[in-house]
Every structure is written in structure tokens, then in C-alpha cells.
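> The listed protein sequences correspond, in order, to chains A and B.
No gaps in the numbering here: position 40 of the first sequence is 1069 in this note's numbering, and each next residue is one more.
No gaps in the numbering here: position 202 of the second sequence is 256 in this note's numbering, and each next residue is one more.
Among these hints, one or two may not hold up.
As the list claims (entries may be wrong) - Simulated crosslink set (DMTMM-like; lysine to aspartate or glutamate; CA at most 20 Å straight-line):
| hint | chain 1 | residue 1 | chain 2 | residue 2 |
| --- | --- | --- | --- | --- |
| 1 | A | Lys1057 | A | Glu1106 |
| 2 | B | Lys269 | B | Asp164 |
| 3 | B | Lys211 | B | Glu248 |
| 4 | B | Lys204 | B | Glu243 |
| 5 | B | Lys204 | A | Asp1069 |
| 6 | B | Lys211 | A | Glu1097 |
| 7 | A | Lys1082 | A | Glu1097 |
| 8 | B | Lys204 | A | Glu1064 |
| 9 | B | Lys204 | B | Asp231 |
| 10 | B | Lys269 | B | Asp109 |
| 11 | B | Lys211 | A | Glu1106 |
| 12 | B | Lys211 | B | Glu200 |
| 13 | B | Lys269 | B | Asp163 |
| 14 | B | Lys204 | A | Asp1071 |
| 15 | A | Lys1057 | A | Glu1087 |
| 16 | A | Lys1082 | A | Glu1064 |
| 17 | A | Lys1057 | A | Glu1107 |
| 18 | B | Lys211 | A | Glu1064 |
What the hints assert, rightly or not - Listed next, the stretches of chain A that the computed footprint assigns to chain B, with coverage defined by at least 3 CB atoms under 8 Å from CB atoms of chain B:
| hint | region |
| --- | --- |
| 19 | 1042 to 1055 |
| 20 | 1066 to 1075 |
Unchecked claim - Between beta-carbon pairs, the in silico distance windows are:
| hint | chain 1 | residue 1 | chain 2 | residue 2 | range |
| --- | --- | --- | --- | --- | --- |
| 21 | B | Thr56 | A | Pro1095 | 17 to 27 Å |
| 22 | A | Gly1085 | B | Thr123 | 37 to 47 Å |
| 23 | A | Asp1069 | B | Pro93 | 17 to 27 Å |
| 24 | A | Glu1107 | B | Thr141 | 40 to 50 Å |
To be clear, the hints were calculated from the coordinates, so they are not data collected in a lab.
Cβ coordinates follow ideal geometry from the N, Cα and C atoms, glycine included.
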Amino acid sequence: MHEVGIAASILDAVRQESAGRQPARPVKVGVRIGEMAGIDPDSLAFCFQALVKGSGLEPLELAIEPGELDFIYLELEEP
Amino acid sequence: MTRVPMEKKVLNENDLVAAGLRADFARHHVVALNLISSPGSGKTTLLERTLEAFDPSRRVAVLTGDIQTDVDAQRLARYGYPVRQITTAGACHLDARMIRRALEGWCLDDIDLLLIENVGNLVCPTSYDLGEARKIVLLSVPEGDEKPLKYPGIFFKSDLMVLTKVDLLPYVPFRLDAARANARSIHPEIEILEVSASTGAGLDGWLEWLEQLTKPEQKG
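Whenever a hint applies, use it, and build me the whole structure from the sequences.
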């Protein structure tokens, strides 16, 4: 139910992290979600896709792996 | 391709606000409790019985969350302690920022125990830290003894499970032993109390639990 808020937080973090790294652009963001975090990975992926559209960050891939809830890495592509 | 490692938590914003609240509660010796359950399992009624039983000199405050209405705040305000309603207007849980806003104008030095009644929901409130010292999950016996298995997150994160409406046990197919075993299969250390707000059964145990929690940190 709150996955959309988490997806928005991920996008904010991506914006912050990539702001100082231009002209490299973010292409992939990795997050970890624990089993007991109460977050559904499919629902998060769905919300993330919906929010990325029109955000100016498109195309941006979301990689979800199991583990303690964390924003773990951001991949950037040099032009 | 460059890979930048991150340590930043996804729930960062809420966690930061919650950490600030927790630090403030610690500094001002406030014990904050986050009460979570399904709608209708008796959070407000348990709080009513609790406030009723407290000595009027106790320094207690209550925040109560609902999607709409201030019905709960009206019920709870009758006992003379400071009460504020948080109306989430659609959100299915309380978050740390709502608590921060609701506390504005209250002097934390005047509060020893802050009771926070979350929005009725066994799922979403689980993910939002409010800076509380303890999470408490209520499970009313008409809901069924399998709830801990169906909604493991909240039973895993709660320190205490309060089984409510136990006066209804003769009329509903609720197995106390199964409920206890189910909760402990998710969280072996969870404490368990049984209460009936209608008959008063078990309320002493609940009040004693609160007493133990607030005693060592009470202000002079």
C-alpha cells in the first residue's frame, strides 16, 4: 500500500546522488528488501515504473535483491 | 559504467525523523508506545480503561490516528489528559512526521508516557518507525488465532501482544494456546497479555506492564 512512497524515496535518492555526477546519467538502481519489511517487491517495481515515466530519469532500471532494507548502489553511464 | 555504492536507507526520510523523535523522547524521558491492530480490535477502549485507571497526577498524553473523524480523540479526552487526533485523510498508517507535527506545542518535559494509537491496520504501520520505545500489537479474539501467521511482520516487530475481548472466548472459535504458539513461532520472545476491557479481566497485568516500563525512567 505504501510502495509508491518508497518508490518516490528511491527516485529522490537517485536524483540527489546523480546530481553531482553529470554528465554521467543513472541507468540502474539497486535496493535490498528484507523478508519482513512489509514491502512487496512486485508492487514496488510496478510503482517505480509508473513514477519513472515522465520523471526525466527514464530509462532507469530497478534491481531488487533480498536482504536488509537498503538503497545499495547506483549505476551511472558515462556519455 | 560506474557503480556508486550507497548506504542510504530507502525509508530514509521517515527513519531520520523517527531517530530525531527517539532522541527527543530519550532526552526528555518520555516513554512512547505505538499501539497497532486491525480496526475494531479495541485499541481505543483499552486506552480508555487505561486512562481511567491512572492516577490523575500521571503525566500521560495520547495521540490517536484515524483516516477520518476525531471520534477517538473525543472519547479519550474525557479522562482529562492531553489528547490529539491525527487525521491522515487517506493514509493507512501514521508516519514520524505526523507525530512530530502533532507534538508541536506540547512540552515533552511534562510527559512521562506517550500513548500513540495507530490507524487500524495490521500491515502498513509495521514499516513506519515513530520513534517509539515499544510496539504493541492488539489481537481481539473474534479475529481468529491465525492472525500472527497471516500478518507476521507486526508480530515480529512488536514487543508485546495483547489479546483483547477475552470475555468473548466462550462464544468464538479462538484457541488461546494456538494464538500464543503462532505468535511465538514468529517472535519467540514476544510478551503476551490477555485482557477484557468490558469485564476488567487482565487489566491489572496490563497496567503493571506499563508501570514496569515507565518506572526506571520516571522523572523526579
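> With reference to the structure, classify each hint as holding or not holding.
To see whether the hints hold, each was checked on the structure:
1. For a cut-off of 20 Å, the pair hint linking Lys1057(A) to Glu1106(A) stands: about 9 Å separates their Cα positions.
2. For the suggested pair Lys269(B) and Asp164(B), the alpha carbons sit about 16 Å apart, so the restraint of at most 20 Å is met.
3. At roughly 19 Å between alpha-carbon atoms, Lys211(B) and Glu248(B) fall within 20 Å of each other, so this suggested pair holds.
4. Restraint check for Lys204(B) and Glu243(B): satisfied, since their Cα atoms lie roughly 19 Å apart, inside the 20 Å limit.
5. With a C-alpha separation of about 15 Å, the suggested pairing of Lys204(B) with Asp1069(A) holds against the 20 Å cut-off.
6. For the hint pairing Lys211(B) with Glu1097(A), the CA-to-CA distance comes to about 14 Å; that is within 20 Å, so the pair holds.
7. Between the alpha carbons of Lys1082(A) and Glu1097(A) the distance comes to roughly 27 Å, so the proposed pair goes past 20 Å and is violated.
8. Between the alpha carbons of Lys204(B) and Glu1064(A) the distance comes to roughly 14 Å, so the proposed pair stays at or under 20 Å and holds.
9. Note on Lys204(B) and Asp231(B): the hinted pairing holds, with a Cα-Cα distance of about 17 Å set against a maximum of 20 Å.
10. The hinted pair formed by Lys269(B) and Asp109(B) meets the criterion: a straight-line CA distance of about 14 Å does not exceed 20 Å.
11. Taking the CA atoms of Lys211(B) and Glu1106(A), the gap is about 40 Å. The hint is violated against a cut of 20 Å.
12. A C-alpha spacing of about 17 Å is found between Lys211(B) and Glu200(B), which places the hinted pair at or below 20 Å, so the restraint holds.
13. A C-alpha spacing of about 16 Å is found between Lys269(B) and Asp163(B), which places the hinted pair at or below 20 Å, so the restraint holds.
14. Annotation: proposed proximity of Lys204(B) to Asp1071(A) holds, straight-line Cα distance about 19 Å (limit 20 Å).
15. A C-alpha spacing of about 10 Å is found between Lys1057(A) and Glu1087(A), which places the hinted pair at or below 20 Å, so the restraint holds.
16. A threshold of 20 Å between alpha carbons decides the hint, and for Lys1082(A) with Glu1064(A) the separation of about 28 Å lies outside it, so the pair is violated.
17. For the given pair, Lys1057(A) sits about 13 Å from Glu1107(A) by alpha-carbon distance, which is consistent with the 20 Å threshold.
18. At roughly 13 Å between alpha-carbon atoms, Lys211(B) and Glu1064(A) fall within 20 Å of each other, so this suggested pair holds.
19. Here the region 1042 to 1055 of chain A counts 4 residues with a CB under 8 Å from a CB of chain B, which clears the bar of 3, and the coverage holds.
20. Note: the region 1066 to 1075 of chain A has 3 residues with beta-carbon separation from chain B under 8 Å; the three-residue rule is met and the coverage holds.
21. A hinted range of 17 to 27 Å holds for the C-beta pair Thr56(B) and Pro1095(A), which are about 25 Å apart.
22. Checked against the given bound of 37 to 47 Å, the beta carbons of Gly1085(A) and Thr123(B), roughly 40 Å apart, stay inside it.
23. Between Asp1069(A) and Pro93(B), the C-beta spacing of about 21 Å keeps the proposed range 17 to 27 Å intact.
24. Evaluation of the 40 to 50 Å hint for Glu1107(A) and Thr141(B) yields a pass: the beta carbon distance comes to about 49 Å.
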